[in-house]
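Novice: My request is simple: use the sequences and hints to build the entire structure.
Residue numbers 25 to 801, in my numbering, belong to the letters of the sequence shown in order.
If you're looking for bench data, these hints aren't it; they were derived computationally from the structure. Check each hint, because a few of them may be wrong.
Said to hold, decoys possible - Beta-carbon label-pair distances, calculated as ranges: (1) Lys226 x Ser167: 14 to 22 Å; (2) Asn432 x Ser310: 45 to 53 Å; (3) Ser296 x Lys269: 34 to 42 Å; (4) Thr393 x Ser296: 44 to 52 Å.
Cβ atoms here follow ideal geometry from the backbone N, Cα and C, with glycine treated the same way.
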Amino acid sequence: MNNQLDQFDQDDNEINLLEELKYYLFFWPYYLLCVFLTVIIATLYLYISQPIYETTSQIQIKKSETDSALFLTEDLSDLFGKSKIVLENEIAVMNSNNLLGQVIDKLDLQTRVQEGPFFNRKNLYNGSIPFNMSFDPNVELESVELKTEKDKAFLTIDSLVIPIIKGETLVLDGWSISPKETLFEKETVYHITRISKILCLKILRETLEVTSNSDAGDVINILYSGSNIELNEQVVNTLVELLEKEQVSDKRQISKISIDFIEERLSILSKSIDTISKKTISYQTSNALFDPSLQTGNALSNLVKDEERNLTLEIQKEIALDLLKTLNSQKSYDLLPIEMGIESHSIIEFLKTYNELIIQRKNLLSSSTEENPLVQQINNQLDDTRTAMISGMKKYINGLNISLLRYNEIQNQRRESVASLPEKESAYKGLTRNFELIEQLYLFLLQRKEEASISYVSALSDVKILSQAITDPIPISPRKKIIYLSSLVLGILLPSSILFVLRLLDTKINTREDLEKGINDVKIVGEIPFETVDKKSKNAREITTEAMRVLRSNLAYVLKNQKSLVITCSSSIKGEGKSFISYHLAQSYASLGNKVILVGADLRNPQIHKFLEIKRPLQGLTTYLSNFETKDYKKWILNFKNDKVDYLFSGAIPPNPSELLASSDFKDLIETLKKEYHYVVLDSSPLMLVSDTNSLLPLSDLLLYVTRAQHTDKRVFGFINEIQSRDNIPPFSFVLNGILGAGPKSSFYKYNYAYRYSYRYKYNYGYGYGYEADNES
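Specialist: Pasting the structure below:
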């Protein structure tokens with residue numbers, strides 16, 4: 025039988041949009057119910073969801089007036105993309121664990137306090153929290169409940185309940201809580217949670233977005249999302265404030281390095297001044313030199329000028345050698361002093377550039393590793409800058425040496441002109457010159473120290489706040505209009521999807537059009553509605569009677585106009601209503617005054633007795649066909665009061681029903697009944713399950729083939745078409761039984777056919793059809 029079912033395979037690619045629309049509109053109550061449920065769920069979601077607000081701020085990273093990149097050309101600056109790198113560095117600093125950790129510590133973001141029941145909690149912050157708390161660094165709390173009622177407060181930790189007393193601090197394991205007076209003013213519930221700093225960093229990084237305004241610009245946009253407006257603005261403003269302090273700290277660090285370097289040199293020079301001063305005084309005393317300038321006269325005036333220039337060059341050389349020594353001794357990237365008095369503008373700019381790059385590298389390493397391309401790029405710039413500085417310093421020192429050599433030659437020439445001066449005076453001048461050299465260097469470094477101290481105190485941030493933290497009063501989540509619109513769409517799509525899948529998977533006959541598409545030359549003579557009310561009621565009888573009248577009228581156009589007709593009612597499988605059609609069709613013909621007999625030719629599973637509400641007779645057709653002595657068929661025909669139809673029930677279920685129905689006795693019986701009755705209605709077995717009905721077809725004037733909506737599988741069409749093509753087969757007429765419609769009060773002629781899926785009827789396939797016990801009623 026399964027092989028016969030698989031023979032049917034038919035695709036219908038044409039879609040009638042109007043019919044499709046009618047199909048879905050028929051289920052409008054389900055759509056209404058589903059939309060109602062989704063809207064209710066959306067309302068509940070909006071009720072329990074906390075609104076999420078978006079806070080924004082905008083800052084500008086100003087270019088420092090002492091920008092270390094001044095010595096670079098414009099093309100070289102574009103090549104390295106310095107402005108973009110600086111902006112990305114600042115974004116990296118703002119996203120670094122260091123800066124975000126400071127924000128968490130300052131605002132205590134690890135602790136969260138919520139007020140209200142589970143489904144409608146409100147996040148509190150700062151002044152809105154009616155108690156103070158302090159925690160040890162590594163304390164975590166999963167869930168602590170604080171409940172107030174009637175001027176009392178209770179803290180619940182797991183199953184432990186601890187009372188809170190006014191004015192007293194409750195000290196617990198690793199944390200403490202101190203109530204305010206406002207805690208006892210209302211009855212409510214507070215939920216206290218404290219998470220780890222690592223988790224808090226992750227959450228803060230997910231809710232914080234720091235981006236540049238454009239690739240070439242210097243503006244940074246800050247966006248933070250949260251459920252508490254005050255907390256949102258505090259997070260953004262605190263982040264900007266800490267960034268400013270970080271930049272000021274970096275700048276002061278450079279000045280601090282310069283101050284420390286100068287102080288070290290001043291300490292050494294101070295000792296040198298004391299030593300030379302003592303030597304000079306001792307020399308003057310021992311040699312009686314008190315006014316050597318009067319002795320030199322005008323001859324030495326030019327020499328003095330040259331010595332002053334020579335002194336200046338010696339100072340520059342001394343400073344340059346110290347700086348070169350410091351630069352060569354560096355094993356890592358360390359800051360270098362700037363404000364030392366070097367007169368070379370290029371060397372000063374190199375020093376500024378070198379320090380700026382070190383600060384940028386330090387900021388990047390706070391949130392990344394050495395493998396970062398930006399860090400590697402800055403490392404390359406540092407190496408290039410240091411190499412350039414060393415080369416420049418050497419050239420600068422060489423230039424000073426050349427100048428000193430030249431001035432020394434001039435001095436030697438002029439000393440020859442004053443050779444007449446006493447040797448003691450000349451030695452005294454040497455001591456005086458050394459003293460003045462060191463003294464001027466000392467005063468020079470004192471001046472630079474003061475300048476560095478001023479720079480340390482007056483260091484300013486490069487951050488310019490374009491817009492303070494501003495929160496949009498309209499929450500970004502949940503969006504009521506979008507959620508309600510989504511609930512409406514879901515309420516429509518959900519039942520539509522279910523109905524579409526059910527219809528896609530459905531292989532049952534549902535409408536007349538299914539029969540017309542699947543069966544060749546189909547003649548549908550009747551459509552019988554499903555009885556949706558009590559079968560004994562007047563409405564049910566009227567609907568069935570009217571449907572049978574239509575069936576009977578349609579059969580008048582199909583049947584030949586002859587004295588007696590044999591109509592066989594069959595179906596494909598069990599449960600399609602062939603016995604129901606047989607019984608009511610016989611009643612309909614009898615109501616016109618015709619002489620009608622209903623023969624129970626379904627010897628395996630007889631059902632006619634159930635419509636008469638009697639116990640199945642154990643004697644009937646099988647008794648007649650099996651009895652070789654008595655051939656009086658009238659003995660087994662039954663009549664009932666107020667029933668114009670004669671009945672020949674099947675009788676006991678035999679072991680050989682096919683052989684009995686194929687016997688000559690059965691053929692003779694049919695011929696005899698045709699002579700006495702206008703209509704002989706045979707209720708036969710399903711054609712697809714057993715072969716019993718095949719013996720009845722040559723004896724019939726019409727095969728009334730019954731199918732049932734929502735029960736008969738469309739794959740039987742192949743079997744039906746094959747049966748119709750056989751020889752010696754009577755004309756086929758089809759009845760679509762069990763159609764579900766608008767209700768029992770509807771007019772049959774205006775019956776509103778519709779799709780509905782009902783699988784309440786089961787059927788059995790195979791050779792086990794029938795064979796119930798004889799005592800079954």
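Novice: Would you list, in rising numerical order, the hints stated earlier that this structure does not obey?
Specialist: As far as the earlier hints go, only 2 is violated by this structure.
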